[in-house]
Amino acid sequence: MTTVPAELVGVAAAFPDVEFDSVLGDTVARASRDDVVGLLEAVYDAGYEMFIDLCAVDYLSRDPRFDVAINLVSVSQSLRLRVLVGIPGTDSKMPTVSTVYPGSNFYEREAFDLFGIEFSGHPDMTRILLPDDWEGHPLRKDVSVGSVPVQFKESNKAR
Amino acid sequence: MSKPPDIVPGDLEAPSGAPELAANELDAAPSDRRSVHDLWLSGTEAPRELGPFTDEGAQEMLAGESPELLADQTGTLVDDDYEGSGRSHDDELQIINMGPQHPATHGVLRLHLELDGETIRRVKPIIGYLHTGMEKTAEALTFMQGSTNVTRMDYLSPLHNELGYSLAVEKLLQVEVPPRAAAIRVLMSELNRIASHLLWSATSGFDIGALSMMIYGLRERESLLEFFEKTTGLRMNHNYIRPGGVAADLPSDWREDMVSIIETVESGLADYVTLLLGNPIFIERTRGVGILTHDECLAFGVTGPVARASGVDYDVRKVFPYSGFEQYDFEIPVTTNGDVYDRFLVRFEEIRQSIRIVRQVMETIPEGDYRTEDRKVTPPPRARIDESMEALIHHFKIFTEGFKVPAGETYQAVESSRGELGMYLVSDGGPKPWRLHVRGPSFANVQSLPMMLADSLIADTVAALASADPVMGDVDR
Chain A
0 MTTVPAELVG VAAAFPDVEF DSVLGDTVAR ASRDDVVGLL EAVYDAGYEM
50 FIDLCAVDYL SRDPRFDVAI NLVSVSQSLR LRVLVGIPGT DSKMPTVSTV
100 YPGSNFYERE AFDLFGIEFS GHPDMTRILL PDDWEGHPLR KDVSVGSVPV
150 QFKESNKAR
Chain B
0 MSKPPDIVPG DLEAPSGAPE LAANELDAAP SDRRSVHDLW LSGTEAPREL
50 GPFTDEGAQE MLAGESPELL ADQTGTLVDD DYEGSGRSHD DELQIINMGP
100 QHPATHGVLR LHLELDGETI RRVKPIIGYL HTGMEKTAEA LTFMQGSTNV
150 TRMDYLSPLH NELGYSLAVE KLLQVEVPPR AAAIRVLMSE LNRIASHLLW
200 SATSGFDIGA LSMMIYGLRE RESLLEFFEK TTGLRMNHNY IRPGGVAADL
250 PSDWREDMVS IIETVESGLA DYVTLLLGNP IFIERTRGVG ILTHDECLAF
300 GVTGPVARAS GVDYDVRKVF PYSGFEQYDF EIPVTTNGDV YDRFLVRFEE
350 IRQSIRIVRQ VMETIPEGDY RTEDRKVTPP PRARIDESME ALIHHFKIFT
400 EGFKVPAGET YQAVESSRGE LGMYLVSDGG PKPWRLHVRG PSFANVQSLP
450 MMLADSLIAD TVAALASADP VMGDVDR
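First to last, the sequence lines map onto chains A and B. Numbering-wise (numbering that gives the first Met the number 0), the first sequence opens with residue 0 and increments by one. Numbering-wise (numbering that gives the first Met the number 0), the second sequence opens with residue 0 and increments by one.
Hints listed in this document are in silico derivations from the structure and should not be mistaken for laboratory results. Computed from a prediction, not measured in an experiment: that's the story for all the values here. Every residue, glycine too, gets a C-beta built ideally from N, C-alpha and C. Where hints are given, some of them may not hold.
[What the hints assert, rightly or not] With a straight-line cut-off of 30 Å between C-alpha atoms, the simulated DSSO-like cross-links for lysine-lysine are:
no., chain 1, residue 1, chain 2, residue 2
1, B, Lys396, A, Lys92
2, B, Lys431, B, Lys123
3, B, Lys229, A, Lys140
4, A, Lys140, A, Lys92
5, B, Lys170, A, Lys140
6, B, Lys375, A, Lys140
7, A, Lys140, B, Lys431
8, B, Lys170, B, Lys396
9, B, Lys403, B, Lys431
10, B, Lys431, B, Lys396
11, B, Lys375, A, Lys92
12, A, Lys140, B, Lys317
13, B, Lys135, A, Lys92
14, B, Lys396, A, Lys140
[As the list claims (entries may be wrong)] Computed footprint of chain A on chain B, listed as stretches where at least three residues anywhere in the stretch have a Cβ under 8 Å from a Cβ of chain A:
no., stretch
15, 307-318
16, 408-416
17, 437-446
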């Protein structure tokens with residue numbers, strides 16, 4: 000328990016398992032999957048009323064493999080908070096936070112589309128950016144960038 | 000939830016003749032508004048059972064259709080008393096697709112509209128037509144090359160993309176840019192804001208019928224693009240703001256250019272105010288249309304001029320200042336009606352505030368270097384390579400491998416023309432980003448379209464959509 004901003008002391012006390020930290024000036028809270036919805040409800044009540052961003056990161060060799068980063072802003076108090084949720088690669092699921100912040104709807108679909116993280120309880124867990132029949136989740140680190148066949152590639156051999 | 004703040008009027012008064020929207024009109028409105036989850040934001044109900052698809056479209060009838068409906072489809076059924084026929088149901092909604100090739104969607108946005116006569120009941124934005132995997136591309140480019148990638152995302156405010164990316168890299172590197180570089184960044188990003196808002200007013204005016212606005216807005220924007228070309232070499236996708244500073248110093252006669260640009264834009268702006276804001280037809284088309292409330296903006300992460308028109312007093316430049324914005328004196332215009340008209344007011348006022356910042360930069364810009372002296376980040380000047388072995392090594396390392404960024408993760412936001420543009424950057428200590436996530440403001444603003452459009456007339460779709468100013472390059476990335 001290092002640096003907890005004054006507005007979040009109550010939240011930190013209610014969630015002893017959540018680690019608060021300060022990374023390069025940003026307040027970061029690391030929560031488990033089970034805690035995250037309760038934590039966000041408490042954080043919302045603490046004045047972080049604006050949903051900003053949700054995205055996933057694939058650390059591949061780390062355990063847990065994925066991080067889901069949720070960025071929130073308190074407009075009234077001029078504060079930022081980033082909540083990181085670790086998600087194992089074998090069971091890439093977490094509860095939806097769109098019940099607390101409806102704005103996370105599209106962002107969760109994007110994380111599902113690109114990383115294959117399922118948000119249980121999400122109203123419409125479908126692909127958003129890629130076509131519906133796309134196979135795989137391209138932003139995972141075990142998916143390569145790929146290549147496009149180039150015309151006349153064989154011309155040197157023919158000569 | 001905080002109360003919407005009072006209007007900051009600035010010097011932009013709505014001309015006389017604009018009707019006052021009664022204060023209680025909007026206060027009463029939210030009670031009629033449906034809840035967030037009732038808006039097909041995401042298919043809040045079970046997907047409708049679809050019959051088998053036919054290749055022939057309307058040519059082929061669906062098997063298993065009732066004889067009555069078949070007769071209706073083939074035109075053999077004559078029904079001359081529509082109201083009393085008993086065949087029309089309350090739930091008979093027509094679904095039409097607007098886009099992705101619709102000219103008013105400003106790109107390849109597709110809107111799935113559920114219509115009850117002329118009234119839109121539900122809207123579902125369908126995106127992804129411009130998805131090019133730029134976040135994946137970013138992982139294959141070095142930190143120095145990365146700004147060429149991000150500049151292509153939001154193609155109407157490329158300098159904000161570059162600025163956000165560069166600030167995020169510098170935050171991880173813990174590199175400080177010289178004061179002149181920071182001032183140049185402020186200047187260029189404010190000019191970009193003016194250019195973007197001018198193009199927006201041109202296309203939005205065009206969309207709601209002010210055809211001359213299209214020509215005027217593009218005409219004034221041209222003066223800015225000429226300055227960008229002179230300074231950065233390109234009219235768009237500049238790759239001008241880079242980690243460590245900017246690519247080149249301002250041209251020697253930039254002050255004269257600024258004076259003429261400010262004169263052009265200010266005289267143009269006076270024309271727009273007369274042309275649009277006092278025009279009864281324009282007022283009729285925009286007042287009370289496409290309303291977003293204060294709380295809805297917060298819930299959906301709507302930022303930028305759209306949120307400020309709804310009374311959300313949030314601007315990254317003021318709340319979380321970056322690149323020295325705290326030194327400049329400017330105001331954030333905030334209005335409370337949250338309709339299309341107010342979005343015009345807010346953006347016009349923002350152009351004036353940006354001009355204020357540009358004027359202050361002209362007075363206060365310090366002399367000095369335009370990029371950091373840190374030779375690990377900035378390539379050495381050409382002349383030094385002939386003299387110094389060390390400079391040659393640095394040059395070689397930067398252009399072959401790229402500079403390494405300490406491991407870590409950070410989130411850096413800037414205020415782009417459309418709202419909060421955030422860069423979530425993760426480095427593993429190598430020369431390429433491990434992950435770059437771009438929080439495009441248009442993505443969240445598009446998400447709020449179901450709120451804006453529900454229970455409005457289909458003719459208002461274009462006005463509301465234009466006022467949200469989505470750039471599909473920013474939405475789909």
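Status of the hints after comparison with the structure:
no. : hint                : result
1   : B/Lys396 - A/Lys92  : violated (42 Å)
2   : B/Lys431 - B/Lys123 : violated (37 Å)
3   : B/Lys229 - A/Lys140 : violated (41 Å)
4   : A/Lys140 - A/Lys92  : holds (18 Å)
5   : B/Lys170 - A/Lys140 : holds (24 Å)
6   : B/Lys375 - A/Lys140 : holds (28 Å)
7   : A/Lys140 - B/Lys431 : holds (14 Å)
8   : B/Lys170 - B/Lys396 : holds (21 Å)
9   : B/Lys403 - B/Lys431 : holds (8 Å)
10  : B/Lys431 - B/Lys396 : holds (14 Å)
11  : B/Lys375 - A/Lys92  : violated (41 Å)
12  : A/Lys140 - B/Lys317 : violated (37 Å)
13  : B/Lys135 - A/Lys92  : holds (22 Å)
14  : B/Lys396 - A/Lys140 : holds (26 Å)
15  : 307-318             : holds (count 4)
16  : 408-416             : holds (count 4)
17  : 437-446             : holds (count 5)
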